[in-house]
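*Asks:* Generate the whole structure from the sequences, applying the supplied hints.
Sequence positions in the sequence shown follow UniProt numbering and run 1 to 388.
These aren't lab readings, by the way, just hints derived from the structure by calculation.
Worth double-checking, as some hints may not be accurate.
Unchecked claim - The calculated EDC-like cross-link candidates involving lysine to aspartate or glutamate, where the alpha carbons are at most 20 Å apart (straight line), are:
#1 235 / 308
#2 374 / 105
#3 374 / 308
#4 331 / 321
#5 374 / 116
#6 374 / 313
#7 374 / 120
#8 387 / 131
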Amino acid sequence: MPPTLGVPGRGPGQAGRGCNRRPRGCPRDLLTDRRRRVEWTSSARRGGLSWVQDSREPGPGSEQPPEETTRSTSRRGGPWLEIPRAQWSQLAGDSPLSLDRATIEYLRELDDPTDESDVEQVYLPLSQLIELHRTNRGRLWGAQNRFLGLSPDTTPRTPLIVGVAGSVAVGKSTTARLLRELLARGENHPHVVLVPTDGFLMPNAELEARGLMQRKGFPESYDLRALLRFVMDVKSGRPDVSTPVYSHTLYDIVPGEREQIHSPDILILEGLNVLQPARAGHGDRTSVAISDFIDFSVYVDADEADIERWYVERQFAYRREAVAEESNFFKAYAHLSDEAFGDLAHQVWARINRPNLRENIAPTRPRATVILRKGPDHRISTVRIRKI
Numbered sequence: 001m002p003p004t005l006g007v008p009g010r011g012p013g014q015a016g017r018g019c020n021r022r023p024r025g026c027p028r029d030l031l032t033d034r035r036r037r038v039e040w041t042s043s044a045r046r047g048g049l050s051w052v053q054d055s056r057e058p059g060p061g062s063e064q065p066p067e068e069t070t071r072s073t074s075r076r077g078g079p080w081l082e083i084p085r086a087q088w089s090q091l092a093g094d095s096p097l098s099l100d101r102a103t104i105e106y107l108r109e110l111d112d113p114t115d116e117s118d119v120e121q122v123y124l125p126l127s128q129l130i131e132l133h134r135t136n137r138g139r140l141w142g143a144q145n146r147f148l149g150l151s152p153d154t155t156p157r158t159p160l161i162v163g164v165a166g167s168v169a170v171g172k173s174t175t176a177r178l179l180r181e182l183l184a185r186g187e188n189h190p191h192v193v194l195v196p197t198d199g200f201l202m203p204n205a206e207l208e209a210r211g212l213m214q215r216k217g218f219p220e221s222y223d224l225r226a227l228l229r230f231v232m233d234v235k236s237g238r239p240d241v242s243t244p245v246y247s248h249t250l251y252d253i254v255p256g257e258r259e260q261i262h263s264p265d266i267l268i269l270e271g272l273n274v275l276q277p278a279r280a281g282h283g284d285r286t287s288v289a290i291s292d293f294i295d296f297s298v299y300v301d302a303d304e305a306d307i308e309r310w311y312v313e314r315q316f317a318y319r320r321e322a323v324a325e326e327s328n329f330f331k332a333y334a335h336l337s338d339e340a341f342g343d344l345a346h347q348v349w350a351r352i353n354r355p356n357l358r359e360n361i362a363p364t365r366p367r368a369t370v371i372l373r374k375g376p377d378h379r380i381s382t383v384r385i386r387k388i
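*Replies:* Now the structure itself:
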């Protein structure tokens with residue numbers, strides 16, 4: 001199976017825990033062993049919430065080694081507030097759900113079970129939290145202008161940039177679409193634009209020329225300069241910008257086609273690598289990363305085995321959908337038996353998506369503002385919010 005089967009994105013035609021202090025019976029080495037994952041939480045809870053620590057190895061750019069991070073944060077209760085779904089759902093209060101079943105079915109992925117209860121209990125409170133950040137960011141912008149004696153005309157307010165990250169097949173695209181709709185239907189009806197980073201993948205011909213087709217979806221397969229330039233233009237308040245268009249039917253960039261974006265209030269940037277930190281440049285120079293311009297970020301998380309299963313199931317769904325489309329990428333696999341196609345999908349996962357998840361995507365998880373943790377049923381079970 002060609003490596004493009006493992007390309008990040010959607011279907012054809014579609015745009016750790018810890019504690020304050022060591023509980024009785026918990027081995028001391030769990031607090032300092034960087035290779036292990038702390039799975040217990042503090043017994044001190046208030047109102048169903050708990051302060052927790054993610055002791056999974058920090059991603060690139062962490063300021064402290066994992067051992068020191070574990071020791072220093074455990075004394076302060078850990079950097080995360082973990083909220084079970086039942087408590088999180090109460091935060092929406094009496095706010096009405098503005099999305100009906102048909103709209104949700106249209107927005108979600110082919111194989112995604114997200115329904116009205118998920119939107120009401122998880123995504124609605126999350127959209128309200130994002131709007132809270134946007135509102136208070138606007139107040140800070142105004143206060144800063146007054147302090148500096150600047151006119152709003154000379155320093156226009158720039159968009160809030162929301163990053164949505166996670167593995168292929170984990171459901172980040174559904175998350176991004178739902179947030180776009182909920183935020184746009186909020187009280188102030190902001191102009192919300194969703195931009196998948198797939199459009200900034202290099203064209204297949206360029207990837208072939210560079211020997212990167214087997215690395216499609218890895219950071220080096222993106223035109224990072226163009227992506228960074230786009231984000232900087234949006235963040236600086238430039239009124240009209242554009243992005244390349246990626247076709248998931250062709251599994252390639254559409255030549256000469258661009259999507260125009262006009263002065264968004266909120267830009268949702270969805271992709272595998274949007275939370276990666278800056279990497280050292282030549283000499284002593286430090287490069288700038290996309291994550292430097294993100295104001296609020298969401299990481300969609302799940303166990304690796306579950307993600308692999310969802311990935312394979314998604315490939316089957318894409319193949320079923322491609323039966324009536326001659327130009328569809330998955331049409332080429334229609335002749336394979338289910339067993340053969342499933343074996344190939346698992347091979348692509350092992351060769352491309354699993355290494356990318358382990359090397360580049362999962363290490364960025366601690367950088368997120370919010371982590372949405374999914375269970376084996378593909379539904380969000382807990383919400384984790386970074387308090388620092």
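*Asks:* Against this structure, judge whether each hint is valid.
*Replies:* Tested hints:
1. Proximity of residue 235 to residue 308 is assessed by CA-CA distance (about 35 Å); at most 20 Å being required, the pair is judged violated.
2. Taking the CA atoms of residue 374 and residue 105, the gap is about 19 Å. The hint holds against a cut of 20 Å.
3. For a cut-off of 20 Å, the pair hint linking residue 374 to residue 308 stands: about 13 Å separates their Cα positions.
4. Between residue 331 and residue 321, the direct Cα distance comes to roughly 9 Å. Compliance with the 20 Å bound is thereby established for this hinted pair.
5. The hinted pair formed by residue 374 and residue 116 meets the criterion: a straight-line CA distance of about 16 Å does not exceed 20 Å.
6. For the proposed pair residue 374 and residue 313, the alpha carbon gap of about 16 Å is at most 20 Å, so the pair holds.
7. Between residue 374 and residue 120, the direct Cα distance comes to roughly 16 Å. Compliance with the 20 Å bound is thereby established for this hinted pair.
8. Distance check on the hinted pair: residue 387 and residue 131 sit about 17 Å apart at the alpha-carbon level, within 20 Å; holds.
Taken one by one, the earlier hints fail for this structure only at number 1.
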